[in-house]
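Participant: From first to last, the protein sequence lines are chains A and B. Going by our numbering, 77 is the number at position 77 of the first sequence; the sequence numbering is gapless. Going by our numbering, 175 is the number at position 175 of the second sequence; the sequence numbering is gapless.
Read the hints as simulated data drawn from the structure, not as lab findings. Worth double-checking, as some hints may not be accurate.
[What the hints assert, rightly or not] Below, in silico cross-link-like pairs of lysine-lysine (BS3-like), each with a Cα-Cα straight-line distance of 25 Å or less:
(1) B:K59 with B:K28
(2) A:K34 with A:K20
(3) A:K254 with B:K67
(4) B:K128 with A:K97
(5) B:K66 with B:K30
(6) B:K30 with A:K20
(7) A:K254 with B:K10
(8) B:K10 with B:K67
(9) A:K97 with B:K284
(10) A:K254 with B:K59
(11) B:K10 with A:K255
(12) A:K255 with B:K59
(13) B:K20 with A:K254
(14) B:K30 with B:K207
(15) B:K128 with A:K20
(16) B:K131 with B:K28
(17) A:K255 with B:K20
(18) A:K97 with B:K137
(19) B:K298 with B:K20
(20) B:K233 with B:K284
(21) B:K28 with B:K233
(22) B:K30 with A:K254
Keep in mind it's a predicted model, so treat the numbers as computed, not measured.
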Amino acid sequence: MSQWLTLLQKETLEMWRNFKWIWVPITFILLGVKEPLTSYYMPQILDAVGGLPEGAVIQIPTPSAAEVLITGLGQYTTLGVLIIVLTTMGIIASERKSGVAAMILVKPVSFQSFVTAKWAGSALLMWISFFIGYLATWYYTGFLFEWIPFDQFLQTYFFYALWLTVILTITVFCSAALMSPGIAGFISLAAAIVISLVSNTLSNWFEWSPAQLTAYANEVLIGQGISDHSLPAGILAVVCIIVLLSLSVLIFRKKELAA
Amino acid sequence: MSLIQISGLKKQFQGTEVIKGLDFSLDKGKCIALLGPNGAGKTTTLRMLSGLMNPTEGKITFTEAKKGEDIRGLIGYLPQFPVFYDWMTGLEFLSYVGRLAGLSAKEAKERSLELLELVGILDAKNRKTAKYSGGMKQRLGIAQALIHRPQLIMLDEPVSALDPIGRREVLDLLEGLKKETTILFSTHILSDAEEVCDEILFLHNGKIVESGTMTELRERHQQAKIDLFFRGKAVQYAHFLETHEVTQSVMLEGNRVSIFVKDIAIARRAFLQAIAEQNWPLEKFEVSSMTLEDVFMKVVRK
Chain A
1 MSQWLTLLQK
11 ETLEMWRNFK
21 WIWVPITFIL
31 LGVKEPLTSY
41 YMPQILDAVG
51 GLPEGAVIQI
61 PTPSAAEVLI
71 TGLGQYTTLG
81 VLIIVLTTMG
91 IIASERKSGV
101 AAMILVKPVS
111 FQSFVTAKWA
121 GSALLMWISF
131 FIGYLATWYY
141 TGFLFEWIPF
151 DQFLQTYFFY
161 ALWLTVILTI
171 TVFCSAALMS
181 PGIAGFISLA
191 AAIVISLVSN
201 TLSNWFEWSP
211 AQLTAYANEV
221 LIGQGISDHS
231 LPAGILAVVC
241 IIVLLSLSVL
251 IFRKKELAA
Chain B
1 MSLIQISGLK
11 KQFQGTEVIK
21 GLDFSLDKGK
31 CIALLGPNGA
41 GKTTTLRMLS
51 GLMNPTEGKI
61 TFTEAKKGED
71 IRGLIGYLPQ
81 FPVFYDWMTG
91 LEFLSYVGRL
101 AGLSAKEAKE
111 RSLELLELVG
121 ILDAKNRKTA
131 KYSGGMKQRL
141 GIAQALIHRP
151 QLIMLDEPVS
161 ALDPIGRREV
171 LDLLEGLKKE
181 TTILFSTHIL
191 SDAEEVCDEI
201 LFLHNGKIVE
211 SGTMTELRER
221 HQQAKIDLFF
231 RGKAVQYAHF
241 LETHEVTQSV
251 MLEGNRVSIF
261 VKDIAIARRA
271 FLQAIAEQNW
281 PLEKFEVSSM
291 TLEDVFMKVV
301 RK
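Work the whole structure out from these sequences, hints included.
Facilitator: Pasting the structure below:
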């Protein structure tokens, strides 16, 4: 356990030294907050920028708070996913490529700890950044539109974070299985896109897909309550995470460290 | 007493056999050189011993390891090109590795400072490893191999990348380490092996072609040999020496002629006489013993 904590501490320190603890939360705030701000100030912005003929009447229906929050959350499943993949794809692959993984793993370090500590480090960064970003979005939406109950905020945070964790775990898996960070990133992104696309278009067949968690979260926001399918979908997401992590350890252990 | 035993060790890469069956054991407290030309399989052998590579066949047994014990705790390994986290300082890296090897935070730091002092880079302890020179990286690499007081340290070409001064210092360091631990180091530089090591393993084309202590090797390959050093090129005198009845073979190298002879006493008399009579510009006359280089050449050419 103390070895695992040492490994985790190294991960968090590294993310501090290369400023990930600063730029990732800031990006997550900007991604989310953009939505309530632009929705609220759109008429004024159009007015100020001008370019509309004299006498034109701008009528933009004021969106509901839930709609604003859902669009804001949409940013996290697109650009947010991109950021998660980009910051995680090299986590194992690049250390192996440079040879520093071999320097560490000739010491009595368990492969399991090595991989899971890396996963935990980047998951921590993602959970915290997403929490701060989403909290800011929730605050501005409440401030400018209507306040969404805080327990709904927490529920939706949990659902989205679980889906994002699945994507993060896919990325860690690719990073453990492949030599090149670039290819690992590409495959992770492709996998995330394909899973969401298939689950969303064929939603009747994929009610338990972890990607559907985001849809269930949105239902919470528009007042439909927590869907019955969210529990199996959540369990499936956790199972996916555990299976992918175990596979990562297995593959990483089998691969020879020295090229 | 043997510390580690290797039997029938083989390694294949995509069907080509790189290591073709090694059998040897390393004695405790000795310094052993793994010697061989480039591509002989030195690095592959060390990687298999350190656990970074799995042997295709064969067994590596640590005599003192308990059942199920992680042997990585008993060995320290320095790869040919050590790499570090470049955002860490030297001290941070050593402490980190020390903690991973099971030391407490306090022990790890004390041991790190002690080792930085030993390898002579204590001044650079708070500098990022990205800013270290090649020699400093090599020293930090040696320090990280020693951090958990392993029973065996394995160094892959520890001095090949260093300048003469750095080489001298690392060799002196190894000399000092011999008292504390068993050392196995690979090199293709013969004089380094000759200087530091008690025992030598010659690796050639994935096989051990010769092994033993320096004295044993000399005795086994002993051949009477006289070296003549001339002022200027030696080629014009070679003919006389080659055709002399006592000569077996002659090797010419710039201003040096090495003559392998049947009988040292006869040859000495005959050559000294010739030198005196023909007034050769001789600088040095040496009745020499076999060097490691001679053994190496002989063994590799076989």
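Participant: Please go over all the hints and tell whether each is borne out by the structure.
Facilitator: Hints and how they fare:
Between B:K59 and B:K28 the alpha-carbon distance is near 19 Å, which keeps this suggested pair within the 25 Å criterion. Our distance criterion of 25 Å between C-alpha atoms is met by A:K34 and A:K20, whose separation comes to about 21 Å. With a CA separation close to 22 Å, the supplied pair A:K254 and B:K67 stays within the 25 Å bound. For the proposed pair B:K128 and A:K97, the alpha carbon gap of about 20 Å is at most 25 Å, so the pair holds.
Note on B:K66 and B:K30: the hinted pairing holds, with a Cα-Cα distance of about 22 Å set against a maximum of 25 Å. This hinted pair does not check out: B:K30 and A:K20 have alpha carbons roughly 48 Å apart, beyond 25 Å. Restraint check for A:K254 and B:K10: satisfied, since their Cα atoms lie roughly 18 Å apart, inside the 25 Å limit. At most 25 Å may separate the alpha-carbon atoms for a hinted pair to count; B:K10 and B:K67 meet this at roughly 23 Å.
Our distance criterion of 25 Å between C-alpha atoms is broken by A:K97 and B:K284, whose separation comes to about 53 Å. As the CA atoms of A:K254 and B:K59 are separated by approximately 18 Å, the hinted pair is consistent with the 25 Å bound. Under the criterion of a C-alpha separation no larger than 25 Å, the hint pairing B:K10 with A:K255 is consistent with the structure, at around 18 Å. Straight-line distance between C-alpha atoms of A:K255 and B:K59 comes to about 19 Å, which keeps the hinted pair within the 25 Å bound.
For the hint linking B:K20 to A:K254, the alpha-carbon distance of about 23 Å falls within 25 Å, and the restraint holds. For the hint pairing B:K30 with B:K207, the CA-to-CA distance comes to about 21 Å; that is within 25 Å, so the pair holds. A distance of roughly 19 Å separates the Cα atoms of B:K128 and A:K20; the hinted pair therefore holds under the 25 Å criterion. A threshold of 25 Å between alpha carbons decides the hint, and for B:K131 with B:K28 the separation of about 37 Å lies outside it, so the pair is violated.
Proposed proximity of A:K255 and B:K20 is supported: the alpha carbons are some 22 Å apart, at most 25 Å. Simply put, A:K97 and B:K137 have alpha-carbon atoms about 18 Å apart, close enough for the 25 Å limit, and the pair holds. Pair hint B:K298 plus B:K20 holds up; C-alpha atoms about 21 Å apart against a cutoff of 25 Å. For the hint linking B:K233 to B:K284, the alpha-carbon distance of about 14 Å falls within 25 Å, and the restraint holds.
Distance hint between B:K28 and B:K233 is unfulfilled; the C-alpha atoms sit about 48 Å from each other, more than 25 Å. A distance of roughly 33 Å separates the Cα atoms of B:K30 and A:K254; the hinted pair therefore is violated under the 25 Å criterion.
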